[in-house]
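Student: Each chain, letter by letter, is given below.
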Amino acid sequence: DAGITQSPRYKITETGRQVTLMCHQTWSHSYMFWYRQDLGHGLRLIYYSAAADITDKGEVPDGYVVSRSKTENFPLTLESATRSQTSVYFCASSESEQAGNEQFFGPGTRLTVL
Amino acid sequence: AQKVTQAQTEISVVEKEDVTLDCVYETRDTTYYLFWYKQPPSGELVFLIRRNSFDEQNEISGRYSWNFQKSTSSFNFTITASQVVDSAVYFCALSVYSTLTFGKGTMLLVSP
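Chains as they are written, first to last, in the working numbering: chain L, 1080 to 1193; chain A, 4 to 115.
Be aware that a few hints might be false.
[Said to hold, decoys possible] The calculated DSSO-like cross-link candidates involving lysine-lysine, where the alpha carbons are at most 27 angstroms apart (straight line), are: (1) A/Lys73 x L/Lys1090; (2) A/Lys107 x L/Lys1090; (3) A/Lys19 x L/Lys1136; (4) A/Lys19 x A/Lys41; (5) L/Lys1136 x L/Lys1090; (6) L/Lys1136 x A/Lys107.
[As the list claims (entries may be wrong)] If you only want the chain L side, here are some residues facing chain A, beta carbon under 7 angstroms, derived: (7) Leu1122; (8) Ala1130; (9) Ala1131; (10) Glu1176.
[Stated by the list, open to error] Away from chain L, derived, C-beta distances all over 12 angstroms, residues of chain A: (11) Gln42; (12) Leu48; (13) Ser76.
Simulated from the structure, these hints should not be mistaken for laboratory data. Think of the CB as a built atom: it goes at the ideal place given N, C-alpha and C, for glycine as much as any other residue.
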């Protein structure tokens, strides 16, 4: 029972490079989310997806691209990484759109942009 | 727009002390949910509790208790007889639709 996994767990890249963070869940949850965690900011929503091929912007979407061709995968791409995108990225999933549904979080990816 | 404020950035206590983590939220919606998550030093996010806006009953789970007061828009979290293993960052979050709005977190350090 893998649940929700993220890869890689750690990534170091350089400014201007493209980076893709992977997220995979085994529950067939409809909703998936990407958050970034920064000191002093808590967790902020980047993008979310209600279903395959349906995505929407969160609070801090600039510089990021998402896609969702399959229900179980929700990759996050930094098209041209910047130092300000150094952060810990969490993927999450939930069963439906109901506000009370618990979101299940992946272990996080620590990204450093040099 | 939704907003969650955790005014306490960091709290330090000695083991066995009681500690309360404050959470104040803002929303215009009448139906919403409040959450608390724990993030231990290992980094994962651990769900602790969910409370809907129509249920103002306080909840107790072992050493943990939660006080939800709609009149003051607060959802405070108390740890009784704290332990070193309680050291973590604690996040309060608000959900109106499918997304969560998090507070900035309170780092709790429990020393022996």
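Student: Could you run down the list of hints and mark each one as holding or not?
Tutor: Results of checking the hints against the structure:
no.: 1; hint: A/Lys73 x L/Lys1090; verdict: 43 angstroms, violated
no.: 2; hint: A/Lys107 x L/Lys1090; verdict: 24 angstroms, holds
no.: 3; hint: A/Lys19 x L/Lys1136; verdict: 44 angstroms, violated
no.: 4; hint: A/Lys19 x A/Lys41; verdict: 19 angstroms, holds
no.: 5; hint: L/Lys1136 x L/Lys1090; verdict: 24 angstroms, holds
no.: 6; hint: L/Lys1136 x A/Lys107; verdict: 20 angstroms, holds
no.: 7; hint: Leu1122; verdict: 4 angstroms, holds
no.: 8; hint: Ala1130; verdict: 11 angstroms, violated
no.: 9; hint: Ala1131; verdict: 16 angstroms, violated
no.: 10; hint: Glu1176; verdict: 4 angstroms, holds
no.: 11; hint: Gln42; verdict: 8 angstroms, violated
no.: 12; hint: Leu48; verdict: 4 angstroms, violated
no.: 13; hint: Ser76; verdict: 17 angstroms, holds
Hint violations for this structure: numbers 1, 3, 8, 9, 11, 12, all remaining hints satisfied.
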